[in-house]
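The whole structure should be built from the sequences, with the hints applied where relevant.
Residue numbers (this note's numbering), protein chains in the order written: chain A, 691 to 912; chain B, 18 to 283.
Because the hints were derived from the structure by calculation, they are not lab data. This one's a predicted model, so the numbers in the text were calculated from it and none came from an experiment. Even for Gly, the Cβ is constructed at its ideal location relative to N, Cα and C. Don't take each hint at face value.
Claimed, not checked - Computed footprint of chain B on chain A; a stretch qualifies when at least three of its residues, placed anywhere within it, have a C-beta under 8 Å from a C-beta of chain B:
{"id": "1", "region": "790-804"}
{"id": "2", "region": "816-827"}
Claimed, not checked - Only some residues are given here: those of chain B computed to face chain A with a beta carbon under 7 Å:
{"id": "3", "residue": "P102"}
{"id": "4", "residue": "A231"}
{"id": "5", "residue": "A252"}
Here are the chains, one letter per residue:
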Amino acid sequence: MTDRRDRSTASQAQVRLLGTGPRRWRWLGFGAALMAVGGLIAATAVGRLDDRQGVLVATGDLPAGHVVAAEDLKVADIGGADGLSVIPDDRLEETVGQILNVPVSEGSVLPNTALGPKAAYPGAGEAVVGAALAPGRFPASVRPGAQVSVVISSDSGTDTGGAQDGSGGQAFGARLQSFEEAEDGGVALVELVVDAGDAAQVASAAAAERISVVQVRARGGD
Amino acid sequence: MARTVAVFSLGGAPGVTTFAMALASVWPGKAGAVLLEADAAGGDIAAWRRLPTSPGLVDLAAAARHEQTPGAQALALLAHAQTLPGGLPVCVAPATAERAGGAVRLLSQHPRVLAARTGPAAVMDLGRLVPRSPTAQLAVAADTAVLLVHDDLAQLRRVKEAAAALAAGFGELGLVVRDGRDSDTEIAQAVELPVWGRVPTDAKGAAFVRGERAGRRPGRWPLLNAAAALARRLADGGATASAVAGPPAAVVPPAAPPAPTATGRA
Ligand SMILES: Nc1ncnc2c1ncn2[C@@H]1O[C@H](COP(=O)(O)OP(=O)(O)OP(=O)(O)O)[C@@H](O)[C@H]1O
Ligand SMILES: [Mg+2]
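Listed below in structure tokens is the structure:
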């Protein structure tokens, strides 16, 4: 809380847990209602724990922007799913072919906010730029969803430097939409969501292999 | 390098389930850790996370009787776990002591399913440890044990009285102290066990673990942060070497394992 920058303990731990999606705030409301109304509703809540429902779960890591295929999904039975942000298994068929707005990791329940029609991705005023990044031009630990800065260097031969956007370099804010490391040589194929106004410049720099990706508001410090 | 970690208390609900879950969720390495809720008094995680109690501890205990090959044993825990959003596999206990106690007893007779040498590490929430109970037998499957204790007189006294017997039963045993103002060194000397870490009261972190609160960077919150520090130490096998040690060997009861040599703070 107090020092955000250099707590390596805090910033580097990968936490394999999600608290709640925004939808699950409903449960908090529900909890508050429980306290207010007392035993009657608590009894209902306890009863609900045994109601099982099939929900959709990812069988592998699915990046944002991914078109969902049948083999990406399995059904898990969970109890008390009413009111949670899940996709019930009766929507399996319509889910196949839709596009993910957010990355979903293997074994995770798909939140019902995860799916959007094509138009929702990218958002209004945003554009998606693809780039192939050489090793050293991106932090190895970067993950889809990360806020990054795209740094354009003046020529392709120079060092890949740091986050400075001062002399000769220019930086654009972006979000890493997808990230895939190619088998050979450590090259990464990325999709960057940038402001539509910056897209042309970023895309041409990407084509000339003059961009580096720097993670900002980093989880991994240096 | 710890592969199976038992987390327990001697009573007083210092947050064993919460800390065990936090510890498992930040376990380093690609395979991470799976959380086994093996509290004979009944589990909380299924209710916190709105999960059914099957697959879970009861199924694992039933399967443990049949799994003969090391390969099948290694897979059993994961096979009876459910995956929480975020990716943490948890094998949950039923809510009642009646059912959970039976499953813990059964599992304690076939603890080999907890000693997998490959795949994810296992973090066990053993709840409150009672001497000579099935829980205590189950604890023996762990190669490292973490005793969570509040920094208060009654609890520390209980720990001190049990220290020698506990230390004899576990390969490696250390304390994690919840809150309190005493220094690690003072506590370690008072109870004659090393202090491996401190866990502060962190309402946000605890709510996050219960699944009631979202967080953009929960790893920065004190609870998860404390868990991550311990997870790294245990996974590296450096728990005793880098912890604040107990008293010098001369005053350690004979039953205790060799006292750690380094006494410096991490
Ligand atoms: N470090 C913490 N900071 C704040 N609240 C906590 C912390 N740890 C646990 N809690 C809260 O205290 C309550 C009891 O915690 P928990 O169930 O983890 O304790 P326990 O030792 O496992 O208890 P039991 O013996 O009943 O199983 C829960 O509501 C939990 O969210
Ligand atoms: Mg508990």
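Given coverage of the region 790-804 of chain A by chain B, tested with a Cβ cutoff of 8 Å and a minimum of 3 residues = Holds: 6 residues of the region 790-804 of chain A have a Cβ under 8 Å from chain B.
The hint names P102/B as touching chain A; please verify it with the least Cβ-Cβ distance against 7 Å. Holds, about 4 Å.
Have a go at the A231/B hint: is there a Cβ in chain A nearer than 7 Å to its own Cβ?
4 Å, holds
message: Taking 8 Å as the Cβ threshold, is the statement that the region 816-827 of chain A is covered by chain B upheld or broken by the three-residue rule?
response: violated (count 0)
Hint status (Cβ of A252/B to nearest Cβ of chain A, threshold 7 Å): Violated, about 12 Å.
The structure is inconsistent with the numbered hints 2, 5, although it conforms to all the rest.
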